[in-house]
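Taken in order, these protein sequences are the chains called A and B. Taking the working numbering, the leading residue of the first sequence gets 14, the next gets one more, and so forth. Taking the working numbering, the leading residue of the second sequence gets 64, the next gets one more, and so forth.
Treat the hints with caution; some may be incorrect.
[Stated by the list, open to error] Calculated pairs, EDC-like style, for lysine to aspartate or glutamate (alpha carbon to alpha carbon, straight line, at most 20 Å):
| no. | chain 1 | residue 1 | chain 2 | residue 2 |
| --- | --- | --- | --- | --- |
| 1 | B | K107 | A | E62 |
| 2 | B | K103 | A | D119 |
| 3 | B | K155 | A | E62 |
| 4 | A | K59 | B | D159 |
| 5 | A | K59 | B | E106 |
The set of hints was computed from the structure by calculation and includes no laboratory data. Here the structure is a predicted model, which is why all the values come from computation and not from measurement.
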Amino acid sequence: MYLAGKVAMSAFRAFWNSPVGPKTTHFWGPVANWGFVVAGLVDMNKPPEMISGNMTAAMCVYSGLFMRFAWMVKPRNYLLLACHASNESVQLYQLSRWARAQGFLDKKEPEVQQ
Amino acid sequence: MAASKLQALWNHPAGPKTIHFWAPTFKWGISIANIADFSKPPEKISYPQQIVVTISGLIWSRYGLVITPKNWNLSSVNFAMAGTGICQLTRKIRQDHFFQAQEAPVEG
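Chain A extracted, bound-state conformation (with noise of 0.2 Å):
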């Protein structure tokens, strides 16, 4: 019990004082970015005539962009990778329920031969 309270207590301060840790920007930053993925969960609710093609397009390239940016920074920010990948998915599937609701997605109908 003691030997497991002092492993998370080691691990814990490792993360609090870690270079990438809450006491940086490095930390910080990426957790701003989670609230996309928030904001987007919360807009999953809302009528698809509520959404933003335009935004959510253009989250669906930024997202997509920042998980190989996240990967290549210096120092490597796993966070933000994490973040983008989900809001990745988020804003995909957002963009699917806007599409269906404009019509996009609607299946033709096959013309009848009589």
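Once you have looked at the hints, place chain B on chain A.
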């Protein structure tokens, strides 16, 4: 002389051969999308989305100056993004809270 300056830019560690350039450059798309949405009725604006756009933009304006390599492009695009978020929020808040005050006397 100009050629070597251009070459320096081309080969910059945050230059056009890298994701450090294209990711923030594309982020202008979010601001442009928001500006395009200025002409949409405020009922369609999403509070959660625009609040995040504003706060995230402000935090990232600082982040761009602290990472390696330093990224002015990232900082400036986020600053602009925060600006468009503030505009959209202002439009929606104005409609939700000040518009109602105007309509109320009509009922009485």
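Hint by hint, here is what the structure shows:
1. B:K107 - A:E62: holds (8 Å)
2. B:K103 - A:D119: violated (25 Å)
3. B:K155 - A:E62: holds (17 Å)
4. A:K59 - B:D159: Distance of about 18 Å is within 20 Å: holds.
5. A:K59 - B:E106: holds (12 Å)
Hint check: a violation occurs at hint 2 only; the rest are consistent with the structure.
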